[in-house]
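Each protein sequence line maps, in turn, to chains S and C. Just so you know, this note's numbering puts the end of the first sequence at 286, numbered straight through with nothing missing. Just so you know, this note's numbering puts the end of the second sequence at 355, numbered straight through with nothing missing.
Don't read these hints as lab results, they were simulated from the structure. Built from N, CA and C at the ideal position, the CB exists for glycine as well. Do not take every clue at face value.
Among chain C residues calculated to face chain S with C-beta under 7 Å, some are [said to hold, decoys possible]:
1. 72
2. 74
3. 75
4. 85
5. 87
6. 91
7. 100
8. 241
9. 323
Okay, the calculated beta carbon distance ranges per label pair [to be verified]:
10. S/121 / C/39: 56 to 62 Å
11. C/127 / S/277: 24 to 30 Å
12. S/95 / C/197: 39 to 45 Å
13. C/138 / S/280: 18 to 24 Å
14. C/127 / S/106: 50 to 56 Å
15. S/102 / C/71: 30 to 36 Å
16. S/275 / C/135: 20 to 26 Å
17. S/277 / C/221: 52 to 58 Å
18. C/67 / S/94: 28 to 34 Å
19. C/138 / S/277: 23 to 29 Å
So you can see what is in the structure, the chains are spelled out below.
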Amino acid sequence: MNGVKNLWAWALLTPPLVVALALFVIPLLYLFYISLHTTSPSEIYGSTLTLENYTSILSDSFYLGIIRRTLATASAILGLCLLIGYPVAYFVALLPPRRRMIVLLLLLFPLMVSNVVRAYGWVAILGRRGVINTGLRDLGVIEVPLDLLYNVEAVVVGLMTILLPYMVISIANTLSAMDRRYEEAAHALGAGPIRTFLHVTLPLSTPGVASGMLLVFLLTLSAYVTITLLGGPRSKLLVSMVYDSVVGFQWPRAAALAFILLALALALTGVILAILRPNRIQGTGR
Amino acid sequence: MSRADVRLDNVRKSFGAVVAVNDVTLDIERGTIFSLLGPSGCGKTTTLRLIAGFEQPSAGEVYIRGQRVTSVAPYRRDFSMVFQSYALFPHLNVAENVAFGLRMRRVPRGERGAAVKGALELVKLGAFADRYPRQLSGGQQQRVALARAIVVKPAVLLLDEPLGALDKMLREEMQVELRDLQQRLGITAVFVTHDQEEALTLSDRVAVMRGGVIEQVGAPREIYDRPVNEFVAGFLGASNFLDGCVVSREDGVALVETAGGRVRVVAASAPVGAKVRLAVRPERVRMNRPGGDGLSAQVRSIVYRGAVTHYYMDGAGGSLLAYAQNAAAGDWEVGDDVRCAWDAEGGVLVAPEPT
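Excised from the complex, chain S in its bound form:
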């Protein structure tokens, strides 16, 4: 019986495993192999094995600055999404199911517009001749247009507005699935609204918070269009560096940068999971 069951499990698992191996794991290993070589003017990579790509990036203050800026930008977006997203999710979760679905669909609506279009939307708002600058000038508040575009702040605002729905939906799903009896049990034990939230609701929502944070964080690290259009040449992040190296035909360096990005993503995923420990909440306690 068990053997038959196992056979079925393997039969079902084999096709996706093969696809993942052929199209993801092997190319990734190949990319890693490339990153360990010198640059060649004529080939994709040179013939000498070296760690040079990594050591030169990690000892270059320019690249270290980019890494720091990448982390700072991602943290700012993460913090803002959490701060703005949690209260929204909390109230969305309190809605009756039908209305909750309508609100969640409304939240998803902006995601149906391409990132490129949305980034240009921000350009139209924040640019030197954008809505804000012309408005302020017409009101006589400013004479010289403000530099609202092509800086880290613009990137943060642009990405935050794109990624906020992921945070809200993750947390709202966890909160609406939570048994409200837990909050009543806390009240019955003398906990007021604030302490009920801090000691019961918030810890019980960590699975949603964790998945929301991971989504926002990983999507921030891999975002490109928004960063390029709103950050301009002076606010580049790690992804921009990968792209620049590729167009500069420095394939091994691009590969090394990609792996540094991957390492950062893995490390911070680990940190988020270690702090929130969402697996604690498994099981309903019934």
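Based on the hints, put chain C in the right spot on chain S.
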């Protein structure tokens, strides 16, 4: 009145057009277990939630220990509660769950540890302090929920069908334990259940509810033996119902003419000539040989239940049911003619259900 730990004064609760609790007035005495018994949807859980403050009454007042708490938030009321689903916090272990109420009441850490240990020993879970709720069986979770509720020494302990999720054996064991614990600690408890045996086993007083209204309040024996109406008689166990007319009465005993013959019944009221409905518990019915005393009937079917045997019979006034102890049982067979009799205090006149 000073002895009443919980008092509901003409409390009404409506949800839209539905009246869940309809002008309920109750006094629950200190140190007793009070059960709210009724079928699902009778308003018993809503009544409990009104005491807790999870629901606001549409009208009327709620008092705990003599203080009016009608508009007081639940977390400022002096009660604790055991939920049907237990609602143990899944992110906290057993000891942390039990300590929660003490932490919220700002009991110093040192005192907390001793109190938690004591409460866990009281429910025989001293060795499980470090476990998480998901690692416990249903019965163990139930005990943790109980420990968490009693450790804060509440003025009143509310229990919402706390034994409903347990299997029959465990439930009966927990009933006895719960009763024992309540008496040792002298807690006032309000217990919601739809299980009439549980209510009779556990309670000092029982309120039988239907449609948001309390049909009868009394000690278990009182509501079982002297139900005021057909619903209460039927809900608390099997009953034979016989329609008849009072033909004479003396010394508080009425003679009632039924379709199958005349029976005597203790009845304070019921004037001569009144049409009445008589309820008789099956265990009160004695079966005699033909020619003996009682209403004539014929045995239709026999169900052997171990300790007792159930006899289903057809009589002139409808079907009759008798429970006979097997140690003393006669050997009746299907088709036998019998005479069914009972003592005058074995029957009770009940208000019939409006049809």
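Structure versus earlier hints, numbers of those that do not hold, lowest first: 1, 8 and 9
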